[in-house]
Amino acid sequence: MIPWSNGILLPEFRVGRSIVDFLAVTDSLHAVEIKSDLDNTSRLDSQLHDYRKIAPLVSVMASKRVVERVLAAPEFQTIGLHWLDVNGRVETVRDAEFSREFLDSEVLMRSLRRAEYLRVLSALGSAIPDLPNTRVFSYALAASRNLDPLVFHNAVAEQLRGRKPRAGRSLIARLPEPVRPAVLKLDPTRQQISSLQDWMNQEVANVYA
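Residue numbers (the UniProt record's numbering): 1 to 209.
Honestly, I wouldn't trust all of these hints.
In silico DMTMM-like links for lysine to aspartate or glutamate, alpha-carbon gap of 20 Å or less [claimed, not checked]: (1) K64 with E91; (2) K64 with D37; (3) K64 with D27.
Just the calculated beta-carbon pair ranges, DEER-fashion [claimed, not checked]: (4) R163 with I128: 19 to 29 Å; (5) D95 with V151: 21 to 31 Å; (6) D130 with S63: 47 to 57 Å; (7) E12 with D85: 43 to 53 Å; (8) E158 with L38: 35 to 45 Å; (9) E91 with E12: 17 to 27 Å; (10) R135 with V90: 40 to 50 Å; (11) V93 with A123: 32 to 42 Å; (12) S138 with R17: 15 to 25 Å; (13) E106 with A73: 21 to 31 Å; (14) L38 with D130: 47 to 57 Å; (15) R89 with N133: 44 to 54 Å; (16) R135 with A72: 45 to 55 Å.
Bear in mind the hints are in silico, worked out from the structure with no lab data behind them. The beta carbon of each residue, even a glycine, is placed where N, CA and C say it ideally should be.
Work out the full structure: start from the sequences and follow the hints.
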């Protein structure tokens with residue numbers, strides 16, 4: 001689990017041609033892909049290759065069949081693997097192993113918003129000069145290629161930790177754990193969270209009435 005006090009979960013984070021289900025952001029980035037037996041897994045290999053370009057930690061949570069397939073692939077030996085057993089409990093086959101080998105500064109930069117990558121480059125001593133808007137991106141991209149990927153990753157992680165859900169982490173943390181991922185995807189307001197809590201409390205009261 002990601003500590004809510006110093007980390008966040010970013011749902012559906014774009015990485016190159018792929019979109020990772022959740023990007024856990026603490027001092028480093030951890031890409032988490034979730035697959036069921038009903039999901040198409042034909043692109044899973046290419047997705048995992050993409051995720052390793054931005055995240056030194058990558059995990060797959062899937063059915064046993066999918067997990068065993070990834071387990072058999074030697075190129076994915078650093079990827080964490082977890083499946084749900086028949087009782088709905090998470091079984092850990094192995095935890096993700098930190099690997100910087102595939103980090104790519106260019107892919108990292110392309111995954112950021114404009115204001116974010118400009119702040120990252122400035123923090124790393126590569127401030128963008130006064131340029132026309134049409135040239136800023138290409139200049140920033142060239143600057144990112146000259147930076148050590150792990151150093152760039154660390155600065156990106158620090159920047160992404162500044163993204164906050166509209167309702168606030170502390171409020172979402174009070175919700176039952178199983179509903180948090182869905183709530184994060186919706187990014188509701190504080191009022192909407194309050195309404196959801198009222199509804200859940202009423203449903204619980206009805207069960208015991």
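Hint check:
no.	hint	result
1	K64 with E91	holds, 10 Å
2	K64 with D37	holds, 9 Å
3	K64 with D27	violated, 30 Å
4	R163 with I128: 19 to 29 Å	holds, 21 Å
5	D95 with V151: 21 to 31 Å	holds, 25 Å
6	D130 with S63: 47 to 57 Å	holds, 53 Å
7	E12 with D85: 43 to 53 Å	violated, 27 Å
8	E158 with L38: 35 to 45 Å	holds, 37 Å
9	E91 with E12: 17 to 27 Å	holds, 25 Å
10	R135 with V90: 40 to 50 Å	holds, 48 Å
11	V93 with A123: 32 to 42 Å	holds, 37 Å
12	S138 with R17: 15 to 25 Å	holds, 20 Å
13	E106 with A73: 21 to 31 Å	holds, 25 Å
14	L38 with D130: 47 to 57 Å	holds, 52 Å
15	R89 with N133: 44 to 54 Å	holds, 51 Å
16	R135 with A72: 45 to 55 Å	holds, 47 Å
Checked against the numbered hints above, the structure breaks hints 3, 7 and satisfies the rest.
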